[in-house]
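*Asks:* Hey, can you work out the whole structure from these sequences and the hints?
Residues per chain are reported as follows:
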Amino acid sequence: MTTPFAALILERDPYVLADLPGLFQAYLQDAGGFLFSGLLAFFLIVLVKPTQQQQTAVGKSLSLFMLVCVAVAMLAYAGYGALVIAEKTRPQLFGADLLNVKPPQDPTGYVKTVTPRFSLLGYTHEELPPYVRPFIPPPDKAGAKMPYPWQALLLSLGGLASLLGAAAPFAAGVGKLRWRRIWAIAVLSMKEVYRNRVFLAFLIVLVPFLFPITMFLPFKAEDELRMGVKWVSVITSVLLLLAGVLLAAFALPNDVKSQNIYTIVTKPVERFEIVLGRFLGYVALFSLAPLLVGVLSLLFLSASKPSEASRQQTETARVAVRGKLLFLSRKADFDGTDVGREFNYRRYIGGDPNSSQRAVYQFASVPSGMASAPGQQVPVEFTFDIYRLTKGEEGKGVDVNMRITSWQCQQRPPGLREGTGEWEWSDPAAQANYKAEAVAELLKLPRYANDPSYQGEPTAVANRAVNRLRNVTPKDPEWAVVNTLARKYGFYEFAGKEVFDYRPERVVVPAALFENATAGKKPANAPAVQVFVHCTTTSQMLGMAEGDLYLIEKEQSFAQNYLKATFGLWCWLVLVIGLCVTLSTYLDAVVTLLCVVFLFGCAFFTGYIQEQAQNIGQGQAGPFAALNQLLQAKSPTAQADNTAVEKAADTIDLVGAKWGFRRLLNVFPDVEAFYWTHYVSEGFNVSFEHLAMNFVMLVAYLFPWFLLGYYLIRGREVAA
Amino acid sequence: MGQNVVEAHTGGKGDRHTGSSLPHVAQNVVETRSLTKVYRDFWGRKKKTALNALDLTIHKGEIFGLLGPNGSGKTTTIKLLLGLLFPSSGDALVFDQPAAKVEKNERIGYLPEESYLYRFLNAEETLDFYGRLFNMPADVRRKRADELIEVVGLKNDKKRILREYSKGMRQRIGLAQALINDPDLVILDEPTSGLDPLGTRWMKDLILDLKKKGKTILMCSHRLDDVQDVCDRIAILYNGDLQEQGTVSRLVEDQKRVNVKASGLQMTDALERELTAVIEKHGGKLESVGHPTTTLEDLFLRIIEESKARPGRRYLPTGNGN
Numbered sequence: 031m032t033t034p035f036a037a038l039i040l041e042r043d044p045y046v047l048a049d050l051p052g053l054f055q056a057y058l059q060d061a062g063g064f065l066f067s068g069l070l071a072f073f074l075i076v077l078v079k080p081t082q083q084q085q086t087a088v089g090k091s092l093s094l095f096m097l098v099c100v101a102v103a104m105l106a107y108a109g110y111g112a113l114v115i116a117e118k119t120r121p122q123l124f125g126a127d128l129l130n131v132k133p134p135q136d137p138t139g140y141v142k143t144v145t146p147r148f149s150l151l152g153y154t155h156e157e158l159p160p161y162v163r164p165f166i167p168p169p170d171k172a173g174a175k176m177p178y179p180w181q182a183l184l185l186s187l188g189g190l191a192s193l194l195g196a197a198a199p200f201a202a203g204v205g206k207l208r209w210r211r212i213w214a215i216a217v218l219s220m221k222e223v224y225r226n227r228v229f230l231a232f233l234i235v236l237v238p239f240l241f242p243i244t245m246f247l248p249f250k251a252e253d254e255l256r257m258g259v260k261w262v263s264v265i266t267s268v269l270l271l272l273a274g275v276l277l278a279a280f281a282l283p284n285d286v287k288s289q290n291i292y293t294i295v296t297k298p299v300e301r302f303e304i305v306l307g308r309f310l311g312y313v314a315l316f317s318l319a320p321l322l323v324g325v326l327s328l329l330f331l332s333a334s335k336p337s338e339a340s341r342q343q344t345e346t347a348r349v350a351v352r353g354k355l356l357f358l359s360r361k362a363d364f365d366g367t368d369v370g371r372e373f374n375y376r377r378y379i380g381g382d383p384n385s386s387q388r389a390v391y392q393f394a395s396v397p398s399g400m401a402s403a404p405g406q407q408v409p410v411e412f413t414f415d416i417y418r419l420t421k422g423e424e425g426k427g428v429d430v431n432m433r434i435t436s437w438q439c440q441q442r443p444p445g446l447r448e449g450t451g452e453w454e455w456s457d458p459a460a461q462a463n464y465k466a467e468a469v470a471e472l473l474k475l476p477r478y479a480n481d482p483s484y485q486g487e488p489t490a491v492a493n494r495a496v497n498r499l500r501n502v503t504p505k506d507p508e509w510a511v512v513n514t515l516a517r518k519y520g521f522y523e524f525a526g527k528e529v530f531d532y533r534p535e536r537v538v539v540p541a542a543l544f545e546n547a548t549a550g551k552k553p554a555n556a557p558a559v560q561v562f563v564h565c566t567t568t569s570q571m572l573g574m575a576e577g578d579l580y581l582i583e584k585e586q587s588f589a590q591n592y593l594k595a596t597f598g599l600w601c602w603l604v605l606v607i608g609l610c611v612t613l614s615t616y617l618d619a620v621v622t623l624l625c626v627v628f629l630f631g632c633a634f635f636t637g638y639i640q641e642q643a644q645n646i647g648q649g650q651a652g653p654f655a656a657l658n659q660l661l662q663a664k665s666p667t668a669q670a671d672n673t674a675v676e677k678a679a680d681t682i683d684l685v686g687a688k689w690g691f692r693r694l695l696n697v698f699p700d701v702e703a704f705y706w707t708h709y710v711s712e713g714f715n716v717s718f719e720h721l722a723m724n725f726v727m728l729v730a731y732l733f734p735w736f737l738l739g740y741y742l743i744r745g746r747e748v749a750a
Numbered sequence: 002m003g004q005n006v007v008e009a010h011t012g013g014k015g016d017r018h019t020g021s022s023l024p025h026v027a028q029n030v031v032e033t034r035s036l037t038k039v040y041r042d043f044w045g046r047k048k049k050t051a052l053n054a055l056d057l058t059i060h061k062g063e064i065f066g067l068l069g070p071n072g073s074g075k076t077t078t079i080k081l082l083l084g085l086l087f088p089s090s091g092d093a094l095v096f097d098q099p100a101a102k103v104e105k106n107e108r109i110g111y112l113p114e115e116s117y118l119y120r121f122l123n124a125e126e127t128l129d130f131y132g133r134l135f136n137m138p139a140d141v142r143r144k145r146a147d148e149l150i151e152v153v154g155l156k157n158d159k160k161r162i163l164r165e166y167s168k169g170m171r172q173r174i175g176l177a178q179a180l181i182n183d184p185d186l187v188i189l190d191e192p193t194s195g196l197d198p199l200g201t202r203w204m205k206d207l208i209l210d211l212k213k214k215g216k217t218i219l220m221c222s223h224r225l226d227d228v229q230d231v232c233d234r235i236a237i238l239y240n241g242d243l244q245e246q247g248t249v250s251r252l253v254e255d256q257k258r259v260n261v262k263a264s265g266l267q268m269t270d271a272l273e274r275e276l277t278a279v280i281e282k283h284g285g286k287l288e289s290v291g292h293p294t295t296t297l298e299d300l301f302l303r304i305i306e307e308s309k310a311r312p313g314r315r316y317l318p319t320g321n322g323n
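Read top to bottom, the protein sequences are chains Z and X. According to this note's numbering, the residues represented by the first sequence are 31 to 750, in order. According to this note's numbering, the residues represented by the second sequence are 2 to 323, in order.
Hints may be right or wrong, so weigh each one.
Taking lysine to aspartate or glutamate and the EDC-like style, the derived pairs with C-alpha atoms no more than 16 Å apart in a straight line are [claimed, not checked]: (1) Z:LYS287 x X:GLU115; (2) X:LYS102 x Z:GLU300; (3) Z:LYS206 x X:GLU104.
Now the in silico label distances, taken between C-beta atoms and shown as ranges [unchecked claim]: (4) Z:LEU230 x X:GLU307: 27 to 33 Å; (5) Z:LEU70 x X:LEU209: 51 to 57 Å; (6) Z:LEU276 x X:SER90: 25 to 31 Å; (7) Z:ALA314 x X:ASP242: 49 to 55 Å; (8) Z:GLY205 x X:LYS214: 16 to 22 Å; (9) Z:ALA71 x X:PRO99: 39 to 45 Å.
Now the stretches of chain Z that chain X is said to cover, found in silico as 3 or more residues with beta-carbon under 8 Å [as the list claims (entries may be wrong)]: (10) 197-211; (11) 292-300; (12) 342-356.
Keep in mind that the hints were calculated from the coordinates and are not lab data. The beta carbon of each residue, even a glycine, is placed where N, CA and C say it ideally should be.
*Replies:* Here it is as structure tokens:
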């Protein structure tokens, strides 16, 4: 990693409410598949050997409904299989399939995780998400709506039927649950922790770590607060998760071991109430903990008196508007230069005044409030990476021109034979009008009215006026002119901004440009605002990623943002507590602990596992091919002999191992979606929409586990 | 004083409960039909048959004792009736419902062998917790808890956490939690385990008191004298099989012997000779004659009562060291 500080690295977009339909479809396909396997196994066991134990776990009347659901799911899956065979296409899963469908093949491919899309709506082929487009043949008539993707539909239907079947006994039993009993067990869990002084021990261990790390280790002034936030986050996460896992994993097994559970299950207690009570008890307890730790650490951070530089960078909560990144030049195939860095997060444009290479940030829409931003200015912030081809000048950065345009001011790259690298307006007449009006507006100002350099040959005067307007700040009287022109033409340019390696910089854009961007009827596919970045220092390269440049809508309170980020930690805690409690309905405490540590730990490496699985069959051997190589004592780089065994191993890898990896990835929680510390430490606002999505994801992930726990605890002989 | 016992053959001391004390209407509270439990390992291989085709019926209002050596299937039977285990075959019905049904627990109170309670709670909190499990409103819980704490004699210790309790005190609070719902069926697993003689007597009196209130009691115990003292009917299990079942008085009655008790006279040779003659005249044979002995339990209880009545009383050794 080459960017230890000062830049928010975004490898994925946070989930937003608009993702819900797609996520729901993927959920039906994935979770439904697991539940179908469970239901099928259950019915097979019941058919072979029915016992009172199984009847207790389900109940006779529900068995019929479940049987119907299993039958529907089987039909749906059979239909899906038949379509796959008949259409001879790759299975259409859209989004639910992390391995066969690759992330978008565009320069913004640094966004490694792609949110699943809802496939049941009638898209045209062009509207399909770019990463699934190659796999779906277009309809005969151009622009026609795509037929329903029946494969995805059947798979979702099978999942839905399985989900209903598996959840039916649970839903039927919900009416029997009594809050008083659940709460009694929850309070018992809390008292247990409190009376056994677990919490006290935890706090004693934690408090020393809450002191800012800057008290113990020296950091650059601007990094003080940033490192303090990260340090506190890591320590509190580790300690709280450890405490949560230990307490929750041992709760039920200890009850069984000490036989305390005998006195509970012999009362009119639904067994699932015990699971729910334990879960809610620990969740209530650990809901207080992150909040308490958050407030304490915030106080400690404030008391540490961080430097002004660090406060400027971190002690804020910028509400950033992010766009998509494209790399463009006069050559159509330009998609940024890979400078060969191992961390290939960024791509680079070459620096030269005559270069036509631009990094273009496209903002599909902008908040309407930006048009009336205070001070008639909207800040654009950016943090770029400089890849130096020559040593350059000591202590000096590289120069950057930044052109900001609305959709009403389209730009075009210079032609291949044009001598200049300068981008021009698509509408030359508008450009000419802009120049003329720039002169006229400037001359209205007293200091230019009598300036001889603004008299004479019109083209030279116009160029001078445009150049003058490229370097104004809101304090200058010219700012009003810039706003007037931006309102009318949707164009603003800032030239000669010196930028340094990984140092956040800021320029301000006239707010009137956003007024222009929100006025009129914008074509559907056109971005509302574009920012063209041009590096003008010769022989240097400027690296950018999608998260490196953003518009700032507003700034909010750091303290509030800091506390909001603890919600992510809370989600982690709820996740591990839920896993522990549900798994321990059947497993031993230690085995539960190991399982949860495995699930949670591996979840941080899903990207790596996904990458490995994707590469199977594309030059990389899968597990079976590798085993074959091992057994035959062959070098992994040896030429394949194409023997029957090798072909069989390759086929199993392609079909079976990929399938297996996909299922494995489904089992791991999406822990990174709950991680917000990097937002806080870099001073970005965590929106409530993201937190709401976190909660939805959490509930959705835990639901199948709780179903599993429901069956296990009901079917368990607690005295065996 | 002055009471003699002649045992031509005796029915022992257990004549307190006779067939006449059995309920007139035999309404079944517990019924097992060919109840079998086979313990298996993870792979389903048979490990042990803990209970084999048990047929048992317990009527409303009776005290039923399960007897048997360790591993005979007593506790397995109780666990099956409570739904802690599932039958391998056969049926276990409690209040005419399958034992696995949660609803039946509304009318059951269970005291496990060891008092498996949460030791970080005090007596009040313990009863409040179990009261909540019965979905009892707060005022009812509080009233019931106060009553039971009084009944089990823990009024002065109700604020102490159970970790500080002696085994006997834990058994008392365990019984209180079993009675929190005023159950119709009380299942007691080794109820006198860990209790001192005073506590044992208290427990037995309480069991009899519950019977008087119309409760049905199922208990299992190793202490045969306890069972004999309180049970109406018993079942004897061995190796998972039911060996014997019936009323205590019928099972322990020895039809071949006669027991005569008399008071107001001293044992003399002449008396013995005359008694022998009378018995032989009726075709019997005198086996023993002498003054009856009390039980150690009775002796102990009498001494404790006297000590309470006369504080400062103590044993003084006699001169000959006897």
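*Asks:* Decide, hint by hint, whether the structure agrees.
*Replies:* Against the structure, the hints come out as follows:
no.: 1; hint: Z:LYS287 x X:GLU115; in the structure: holds (13 Å)
no.: 2; hint: X:LYS102 x Z:GLU300; in the structure: holds (10 Å)
no.: 3; hint: Z:LYS206 x X:GLU104; in the structure: holds (10 Å)
no.: 4; hint: Z:LEU230 x X:GLU307: 27 to 33 Å; in the structure: violated (50 Å)
no.: 5; hint: Z:LEU70 x X:LEU209: 51 to 57 Å; in the structure: holds (56 Å)
no.: 6; hint: Z:LEU276 x X:SER90: 25 to 31 Å; in the structure: violated (41 Å)
no.: 7; hint: Z:ALA314 x X:ASP242: 49 to 55 Å; in the structure: holds (50 Å)
no.: 8; hint: Z:GLY205 x X:LYS214: 16 to 22 Å; in the structure: violated (34 Å)
no.: 9; hint: Z:ALA71 x X:PRO99: 39 to 45 Å; in the structure: violated (25 Å)
no.: 10; hint: 197-211; in the structure: holds (count 4)
no.: 11; hint: 292-300; in the structure: holds (count 9)
no.: 12; hint: 342-356; in the structure: violated (count 0)
Of the numbered hints stated above, those contradicted by the structure are hints 4, 6, 8, 9, 12, listed in ascending order.
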